[in-house]
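Peer 1: If you read the sequences in order, they're chains H and V.
Residues 1 to 404 (this note's numbering) are what the first sequence spells out, left to right.
Residues 1 to 174 (this note's numbering) are what the second sequence spells out, left to right.
There's no promise every hint is true.
Distance windows between CB atoms, simulated [what the hints assert, rightly or not]:
id, chain 1, residue 1, chain 2, residue 2, range
1, V, K40, H, M81, 52 to 62 Å
2, V, A18, H, Q16, 37 to 47 Å
3, V, S32, H, H169, 23 to 33 Å
4, V, T135, H, Y78, 41 to 51 Å
5, V, K113, H, M81, 35 to 45 Å
6, V, A166, H, V317, 45 to 55 Å
7, H, I392, V, A18, 36 to 46 Å
8, H, P282, V, K40, 30 to 40 Å
9, V, E54, H, Q326, 38 to 48 Å
10, H, T79, V, K75, 51 to 61 Å
Restricting the straight-line Cα-Cα distance to at most 30 Å, the calculated cross-link-like pairs of lysine-lysine (BS3-like) are [unchecked claim]:
id, chain 1, residue 1, chain 2, residue 2
11, V, K136, H, K25
12, V, K136, H, K292
13, V, K65, H, K292
14, H, K35, H, K256
15, V, K40, H, K292
16, H, K292, V, K12
17, H, K25, V, K12
18, V, K149, H, K369
19, H, K292, V, K75
What the hints contain is simulated information worked out from the structure, not anything from laboratory work.
Note that beta-carbon positions come from the ideal geometry of N, C-alpha and C, so glycine has one too.
Read off the chains here:
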Amino acid sequence: MANFTKATSIKDWLNQRLAIEKVEKVMMSEYWIPKNINFLWAMGMVLVMTFVLLLVSGIFLLMYYQPNVATAFDSVNYTIMREVDFGWLWRHVHGVAASVVFLIIYIHMFTGIYYGSYKKGREMIWISGMLLFVTFSAEAFSGYMLPWGQMSYWAGMVITNLFSGGSLHADFLVEWIRGDYVPAQAFLTRFFMLHVLLLPLAIMGLIGLHFAALRIPHVNNQDGDEIDFDVESKKYLAGDKAGSKVIRFANDFMSKDMMVVGVYLVFFFYLVFYNYGFAMDPVNFDPADGLKTPAHIYPEWYFLWSYEILRPFSVDVGLIAFGFAQVIFIGLPFLDRSPNTVPASRRGLFKYWFWAMLVDMIVLTAMGKLPPEGIFSTIGFVAAIAFILLWIALPIITKFEKKI
Amino acid sequence: MKDSSRRGFMGKAFGGFAAVGAVASLYAMKKSWDPLPSVKAAGFTTLDMSAYKENELVVEKWRGKPIFVLKKTAKMVSSQTPVQAERDVMIDGSHYMIAIGLCTHLGCIPAYKPSTEDFLCACHGGQFDFSGAVTKVPPPRGLDIPPFKIDGNKLVLGEVGPEYQAMKDTGITL
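Excised from the complex, chain H in its bound form (with noise of 0.2 Å):
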C-alpha cells in the first residue's frame, strides 16, 4: 500500500486517494488549448450541453411514458402534456434539443471540413466524430418512434422496409428487427431500449473516445498552424503568457466556451418556450394507424438530405446511393489528398468544393421536404448525382493542389 500521511484538507485527502490533482491538470489546468481559435470551436461543449439537456429531459419524461401500443400515444400528449407538472416544459426541452443537436452537429462538422481539422494525426477525431454521427441518428429515430402517432409508425415501417435490400427481399431480416409482420409491440418495446439504454450508453462511451482522440494531436486552429504544443506550454508554465501561443482549458479558454453557450442557451430556450411548434411534426398528434398512409412521408429536417438521395432512383440504385450517402463522409481524410491544413478559402479548388457540397446538401434537404413531383423531382435527381459526383471528384482535385 501506498504511504499516508495525514490529511491536511478534504482536498488533500481525496488526492491522496484519488490523485485528483494529477486528474484537474490532465482534464482542465494543463490541457492546452490554441489561441487563435473562434467561436466555431465551442460547438463542442455546446454539443455537451445539449446533449446533458437531452438527458436531464429524458429522465423525466421516462418516469410518466407507456412502452405500450395501446397506451404510448395518451402517456406523451395527456399525461406528460396535460397532467404532469411542467411536463410540457420536458418534452418541449426534449423535441427541440433532438432537432437542434443535429443543426449544431452540422455545424461542428462543417467547422471540421472547412479547416481541415479531419488531417493527418487528427483522423480518429474525425471517425470517432462520424460514429457518434450515426449514433446520434439511431438514437433520434428510435426516439421519434416512442409517441406512437402516425408519423412514428409510417417512419418504423418506412425505415425497417429498407433492411429488406431491395432486390435481395430479406423480409425474414425486416421481420426479425420488427419482430412482428409489421410496427407492433415488439418494435416499440425494443426500440425503447434501444433509446433509453443501449445507444446512449453507446454515445457515452463514444464521446469518451472522441474526447481521447483530441488528447494527442491536439485541436486544430483557425490557421491550420503547427503549434509545438510542448514548448508553447513549458513558455506559459514560466510565466510568459502573451507569448505562448496556447492557454489553459480551464478557466481560461472555457470562460469563452461558456459566453458561446450562453449565448446558444438564450436561443435555445427562445425554442424551447415560443417556437417548439417546429419540432413536433403535426401529422405524428394522429394516433399511429396501419391502415391509412399520411399522404406524404418525410423524415425530421436534418434526415431530410440523404432521404432526397434515396428518392429519384430506382430501389437498388437508391438504396446504394443512400448507403453511399451515410458513410462517404467517415472516409474523408483518405479521400482529401491534399497535405494542407489549411482553412479552405486558402486551398485549391477545395474552396468551391466545400461550398458546393454545403449548397448541394441544402438544396437536397429543401427538395426532400417537397413531394416528388415535377421540376422538384428533376432537381432533387440533380443534386443527389451532383452529390455523388462530388465525392468521386475529391481525391482527384486534392491530388493536384499545391502545397502550401
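Given the structure of chain H, go ahead and fit chain V onto it with the hints provided.
Peer 2: Below, chain V alone, put in the same frame as chain H:
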C-alpha cells in the same frame, strides 16, 4: 517449457469454451428478437366475398397489414392485358384483385382513385393499375399477393391454396 505449454493449453481451452459460449449467446439473442409464437399464430383472416361492390376498394386487415380487395367491373375484365389477367383471383365467377396494400418500394399504402382506376403511392410517386401491376417506378414489382385459399364463396388469407401456389410458382408474386 513444460509450464508454458501447459499455460498455452489452458489458454486455448479457455478460448474454445468462451467461443462456444459467445456463439450460443448470440444465437439466444437472435432468437429473442424473432416474432413471438402468438404473433405468428394470429395470421389467418377469412373474407366473405359476396359483400364487395364493383370498382370499390375495400381494405381488410391481415397480420396487421392492409389487404386490398377490388371487385373488377366487366369493362376492366374485358380490357385486361394478359399480364393484368394473370393476377386475377376468380371466386364464384367474379374477378378480384387481392393484394397486400403496401407499396413494394418502401411499404406506404397507395391510394385508389376509382375515376382513373389506378393507385398512386404518395411517398415516392409509384403507380399501380387496377390489377396491382406496377406502372411507374420506383416500386420494383406489382403489389404482392398474400397467401390465400379459396373456400367456396370465402377466401382464407394466410393459408396456401392451389391457385396461390400456381401464382407463386410462375413468379407472379413473391
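Peer 1: Could you run down the list of hints and mark each one as holding or not?
Peer 2: To see whether the hints hold, each was checked on the structure:
With their beta carbons about 37 Å apart, V/K40 and H/M81 fall outside the hinted range of 52 to 62 Å. Taking the beta carbon of each, V/A18 and H/Q16 are about 39 Å apart, inside 37 to 47 Å as hinted. Separated by about 24 Å at the C-beta atoms, V/S32 and H/H169 satisfy the suggested range of 23 to 33 Å. The supplied range of 41 to 51 Å is met by V/T135 and H/Y78, whose beta-carbon atoms lie about 44 Å from each other.
Restraint check, V/K113 to H/M81: a C-beta distance of roughly 37 Å satisfies the suggested window 35 to 45 Å. A beta carbon spacing of about 32 Å between V/A166 and H/V317 contradicts the range 45 to 55 Å that was offered as a hint. H/I392 and V/A18 have their C-beta atoms about 44 Å apart, which keeps the hinted 36 to 46 Å range intact. H/P282 and V/K40 have their C-beta atoms about 36 Å apart, which keeps the hinted 30 to 40 Å range intact.
Checked against the hint of 38 to 48 Å, the C-beta distance between V/E54 and H/Q326 comes to roughly 47 Å, which is consistent with it. Distance hint for H/T79 and V/K75: a CB-CB separation of about 54 Å, consistent with the stated range 51 to 61 Å. Between V/K136 and H/K25 the alpha-carbon distance is near 65 Å, which puts this suggested pair outside the 30 Å criterion. Taking the CA atoms of V/K136 and H/K292, the gap is about 22 Å. The hint holds against a cut of 30 Å.
Only pairs whose Cα atoms come within 30 Å are accepted, and V/K65 paired with H/K292 is accepted, the gap being roughly 10 Å. In summary, the hint linking H/K35 to H/K256 is supported, as the alpha carbons are separated by about 11 Å, within the 30 Å threshold. Between V/K40 and H/K292 the alpha-carbon distance is near 23 Å, which keeps this suggested pair within the 30 Å criterion. Taking the CA atoms of H/K292 and V/K12, the gap is about 57 Å. The hint is violated against a cut of 30 Å.
Distance restraint check for H/K25 and V/K12: the Cα-Cα separation of roughly 43 Å exceeds the 30 Å cut-off, and the hinted pair is therefore not satisfied. Restraint check for V/K149 and H/K369: the C-alpha separation of about 42 Å exceeds 30 Å, so the hint is violated. For the given pair, H/K292 sits about 29 Å from V/K75 by alpha-carbon distance, which is consistent with the 30 Å threshold.
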